[in-house]
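The listed protein sequences correspond, in order, to chains A and B. Note that this note's numbering has the first sequence beginning at 498, numbered continuously upward. Note that this note's numbering has the second sequence beginning at 498, numbered continuously upward.
Source of the hints: derived by calculation from the structure; they are not laboratory data. Check before you lean on any hint, since a few could be wrong.
One copy or any two copies: either way a pair holds, since identical chains are not told apart in the list.
With a straight-line cut-off of 20 Å between C-alpha atoms, the simulated EDC-like cross-links for lysine to aspartate or glutamate are [as the list claims (entries may be wrong)]:
#1 542 / 683
#2 542 / 502
#3 542 / 669
#4 542 / 588
#5 542 / 519
#6 542 / 563
#7 542 / 633
#8 542 / 597
#9 542 / 631
#10 542 / 639
#11 542 / 619
2 protein chains.
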Amino acid sequence: MPVLDEVLAANERYAASFELGELALPPARGFAILTCMDARLDPAKYAGLREGDAHVIRNAGGRASDDAIRSLVISYKLLGTSEWFVIHHTDCGMEFFSNDTISGLLASSLDTAALGPDGFYDVGDSPGSDAGADIDWLTISDQSQAVIHDIVRIRTHPLVPARIPVHGFLYDVRTGRLVEVPGAADAGRAR
Amino acid sequence: MPVLDEVLAANERYAASFELGELALPPARGFAILTCMDARLDPAKYAGLREGDAHVIRNAGGRASDDAIRSLVISYKLLGTSEWFVIHHTDCGMEFFSNDTISGLLASSLDTAALGPDGFYDVGDSPGSDAGADIDWLTISDQSQAVIHDIVRIRTHPLVPARIPVHGFLYDVRTGRLVEVPGAADAGRAR
């Protein structure tokens, strides 16, 4: 069955027994999670969320990008969240390439690259684009350091109030377990 | 119980019966969903995803921001997704304010604003920041038009190959149902 039909059939089943039509817009439990888009992560399951509980922001890496900051600021300023989690994970795709790798691959073609023992290599022959060279891809060389970096960026952002706790975790894709990142509790805090 | 303890207790239960440690990094079903951070949305439930199936990208509004484009390009170029969904929703918080509203509120204070019959108003007395004036908050005046706008932005982006289908839907928070946005199938396509 095509993906579109599978998704719509699954949605039909969900909607058939849907009884959550009166949920309020602001998150009932008053918190937000910033995490990775990785397919293996289900934040609702790994953090115990029901519909209506919490904001979930996801991008490649779970990074504190400008757009994640935009979302977090809307989350507390207009919708009342008062506690945030930054949750990266083990075996993240963002660890396996650099800005130069991906901009080079995109300049070569817009086909999907293959992954070999020495990293990604391009197999396509469609035209590429140089537009990737202008993008900071927010790759990761050390996961714990990346969590700390993102927590510091959030905590020291001029639009983020100091009163909001920001927790830093790594999700272990082999065990399903959240492991706190050492140093996250104090990183970037005013002394 | 504090939120942090609740999340860790829920994670303990999830990890206790976790049997998915061997899932591969690339999404098994080869697609990605871009949707809103709204707490009422659970993409895994409304679209029928199991861990490992699909990338999920979420931000305030489910907008095709630069950061969402970054994530989508990584998704197809390095991790092989070949079909994407843009899914906004009814009763979205992004419809209820403007750039001027939120930048004005943030300039006034970094406390959470209250929502009255005439819109958001500021109640705090902590210092504010002018930094919100430099941000495009990607607010929404018409949900269907916003989906079309985002699909056009994705389809016409120089790093997005024309072969990738991009579907446009609104999720109805009262019914749990996905409703296709009229015109989404052709918006921004080369003639």
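Hint by hint, here is what the structure shows:
1. 542 / 683: neither (27 Å within a copy, 36 Å between copies)
2. 542 / 502: The answer is between: 15 Å across copies meets 20 Å, while 25 Å in one copy does not.
3. 542 / 669: within (14 Å within a copy, 22 Å between copies)
4. 542 / 588: within (19 Å within a copy, 25 Å between copies)
5. 542 / 519: between (22 Å within a copy, 17 Å between copies)
6. 542 / 563: neither (27 Å within a copy, 28 Å between copies)
7. 542 / 633: neither (31 Å within a copy, 32 Å between copies)
8. 542 / 597: Intra 35 Å, inter 37 Å, cutoff 20 Å: neither.
9. 542 / 631: Close neither inside one copy (36 Å) nor across copies (36 Å); limit 20 Å.
10. 542 / 639: Neither. Shortest intra-copy (25 Å) and inter-copy (32 Å) distances fail the 20 Å Cα cut-off.
11. 542 / 619: Answer is neither; intra-copy 36 Å and inter-copy 35 Å both fail.
In summary, the structure is inconsistent with hints 1, 6, 7, 8, 9, 10, 11 from the numbered list given earlier, while agreeing with the others.
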